[in-house]
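Whole structure, please, built from the sequences with the hints as guidance.
Protein chains: 2
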Amino acid sequence: MIKTVVFIGAGNVAYHLAQAINRSDFEVLQVFSRTHLSAKGVGEKINCPYTNNKNEIIKNADLYICSVSDDNIIDALSDINFTPNSIIVHTAGSVNMNILNQFSEQVGVLYPMQTFSKNKEIDFNKLSIYLEASNDETYKELYNFAIQISPNIKQLNSENRLKLHTAAVFACNFTNHLYRLSADIMQESGLEFSELLPLIDETCNKVHYLSPSEAQTGPAIRRDEKIIQKHLNSLDENKKVIYSLLSKSIQYEKL
Amino acid sequence: MIKTVVFIGAGNVAYHLAQAINRSDFEVLQVFSRTHLSAKGVGEKINCPYTNNKNEIIKNADLYICSVSDDNIIDALSDINFTPNSIIVHTAGSVNMNILNQFSEQVGVLYPMQTFSKNKEIDFNKLSIYLEASNDETYKELYNFAIQISPNIKQLNSENRLKLHTAAVFACNFTNHLYRLSADIMQESGLEFSELLPLIDETCNKVHYLSPSEAQTGPAIRRDEKIIQKHLNSLDENKKVIYSLLSKSIQYEKL
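Taken in order, these protein sequences are the chains called A and B. Residue 75 is where the first sequence starts when you use this note's numbering, and the numbers rise one by one after that. Residue 75 is where the second sequence starts when you use this note's numbering, and the numbers rise one by one after that.
A hint or two may mislead.
Copies of the same chain are indistinguishable here, so a pair counts whether it falls within one copy or spans any two.
Computed list of lysine to aspartate or glutamate pairs in EDC-like fashion (alpha-carbon distance at most 20 Å, straight line) [unchecked claim]: (1) Lys313 to Glu327; (2) Lys114 to Asp275; (3) Lys300 to Asp145; (4) Lys119 to Glu195; (5) Lys214 to Asp99; (6) Lys114 to Glu299; (7) Lys200 to Glu269; (8) Lys200 to Asp275; (9) Lys300 to Asp149; (10) Lys114 to Glu311; (11) Lys314 to Glu130; (12) Lys322 to Asp310; (13) Lys304 to Glu233; (14) Lys228 to Glu215; (15) Lys119 to Glu101; (16) Lys314 to Glu327; (17) Lys322 to Glu311; (18) Lys304 to Glu262; (19) Lys328 to Asp258; (20) Lys194 to Asp275; (21) Lys322 to Glu299; (22) Lys313 to Asp210; (23) Lys114 to Glu327.
Because the hints were derived from the structure by calculation, they are not lab data.
Here it is as structure tokens:
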């Protein structure tokens, strides 16, 4: 049974996940990060020991949560002598579980699908955690752990997690980038980005009730070419390329 | 003082605006649309007369709201003998007010910035109406009218309204299109689009507290090139082009 946790890595996911774990009955024993300031940031936030010295990592925790950038997972876990009973998971959307096999026989993935920034609180009741494990026993252990962090636990294999993450990049990361571009346009005109918030809210709200296809509005879907041209004329080169491409895509054209 | 309203055009904006007006103290006298079904749809919704015969348009209303696709505004208003006291407005984001000058001396724009679909209710308390008028007296009349439809009335000239609308296309229409692309990816994997809703909600929620630049997360801003490549490999041609372009744009590269 999982009772104690060590974090390997102290980025945005670890920062929020450690707090959620700390609010439950589990104990975070230690936070390790190569970067002293990151280790300290998470450690102090949840009032637990932290280190940037790999040799000091506690060896007999029940669960090690590796939450580093995807390319650094193997490196971060190398040269730690885990006790054979420990479970090791990573939290990445697009990394196959099997890269952990070299470190333990009980491995898994605990992927909380959300957009995590340090200075924005996250409600773990409103996200899903996608779980995968190398065997049934490990899955049960991870499930019993995760269900106390979030009420929404779903089983998903590595292949579908990659697809889910790819979809999430469109729905979240790219969407936020469009917000940035719209904020640029507003600023150029001396308008406040906040003026767009009711529209942004309703755009998001709509797809709770309609499919995105049904919800589509605007000049591109109406094929209002005169307006499209007016907008293009008012944009800088980068925004012009994006406006043109997304308008074509809305019109189901081949890009 | 505006008391009576005639709608010229019965699209999505008219459909929702007519209902909002109908809930206030004003009287919608008539709905005209070239398309019988559209006129009927709005007319029956608010229980008022409707016609698709231009000759039958009531001539002495206080306010004519022209809400047709942008290219059709002039055509829709031509050959109607408005009485000289009538005010004529359009509801378009990107059409200059001055195209109405040929029809009356009291003209204006009443642009409710929102994404309107027939089968999704709209709360007019949660949007802003952007107003412009050809003279102060007309502005006052329109303001006193609009403030009973929505508590958020803002004055904006045609030039800035065009910029606002352009920004809105990015923040709403293009964002919704990204939802559609993410829905495609989910469907290909047998996953439900609704799984993405907590992420979509938080992405939208975040920019109430952080600027879009501060809120940006994901592989592109982390320059996680291996993950970007994995995602590109899993996408069809159109989505590959969009993924690649938006990732570069997030990284502030020239497109």
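For each hint, the structure was consulted:
In the homo-oligomer, the alpha carbons of Lys313 and Glu327 lie at most 20 Å apart both inside one protomer (19 Å) and across protomers (12 Å), since each shortest distance falls under that limit. Neither within a single protomer nor between protomers do Lys114 and Asp275 lie at most 20 Å apart by alpha-carbon distance, with minima of 36 Å and 30 Å respectively. With identical chains, the CA atoms of Lys300 and Asp145 are at most 20 Å apart between copies only, with a shortest distance of 7 Å across copies and 46 Å within one. Taking the shortest alpha-carbon separations for Lys119 and Glu195, only the intra-copy value of 13 Å comes in at or below 20 Å, while the best inter-copy value is 43 Å.
For a Cα distance limit of 20 Å, the shortest separation of Lys214 from Asp99 inside one copy, 17 Å, qualifies, whereas the shortest one across copies, 62 Å, does not. Proximity of Lys114 and Glu299 under a CA criterion of 20 Å is satisfied in neither setting, with 55 Å inside one chain copy and 28 Å between copies. Only between protomers do Lys200 and Glu269 lie at most 20 Å apart by alpha-carbon distance; the minimum there is 11 Å, versus 26 Å within a single protomer. Both within a single protomer and between protomers do Lys200 and Asp275 lie at most 20 Å apart by alpha-carbon distance, with minima of 17 Å and 9 Å respectively.
In this assembly of identical chains, Lys300 and Asp149 lie within 20 Å of each other by CA distance solely across copies; the values are 15 Å between and 54 Å within a copy. In this homomeric assembly, Lys114 and Glu311 never come within 20 Å of each other (Cα to Cα): the closest approach is 43 Å inside a single copy and 44 Å across copies. For the identical chains of this complex, Lys314 and Glu130 are neighbours neither inside a copy (53 Å) nor across copies (44 Å), given an alpha-carbon limit of 20 Å. For the homomeric pair Lys322 and Asp310, the shortest alpha-carbon distances inside one copy (18 Å) and between copies (16 Å) are both at most 20 Å.
Proximity of Lys304 to Glu233 under the C-alpha cut-off of 20 Å is restricted to the inter-copy arrangement: shortest distance 11 Å between copies versus 43 Å within a copy. Taking the shortest alpha-carbon separations for Lys228 and Glu215, only the intra-copy value of 14 Å comes in at or below 20 Å, while the best inter-copy value is 57 Å. For the identical chains of this complex, Lys119 and Glu101 are intra-copy neighbours only, at 14 Å inside a copy versus 59 Å across copies, given an alpha-carbon limit of 20 Å. Taking identical chains as interchangeable, the C-alpha atoms of Lys314 and Glu327 lie at most 20 Å apart whether they share a chain (17 Å) or sit on different chains (14 Å).
With identical chains, the CA atoms of Lys322 and Glu311 are at most 20 Å apart both within one copy (17 Å) and between copies (14 Å). For a Cα distance limit of 20 Å, the shortest separation of Lys304 from Glu262 inside one copy, 16 Å, qualifies, whereas the shortest one across copies, 36 Å, does not. For a Cα distance limit of 20 Å, the shortest separation of Lys328 from Asp258 across copies, 16 Å, qualifies, whereas the shortest one inside one copy, 28 Å, does not. Both within a single protomer and between protomers do Lys194 and Asp275 lie at most 20 Å apart by alpha-carbon distance, with minima of 18 Å and 14 Å respectively.
Proximity of Lys322 and Glu299 under a CA criterion of 20 Å is satisfied intra-copy only: 11 Å inside one chain copy versus 27 Å between copies. For a Cα distance limit of 20 Å, the shortest separation of Lys313 from Asp210 qualifies neither inside one copy, at 49 Å, nor across copies, at 36 Å. When the C-alpha separation of Lys114 and Glu327 is checked against a cutoff of 20 Å, the pair qualifies neither within a copy, at 51 Å, nor between copies, at 33 Å.
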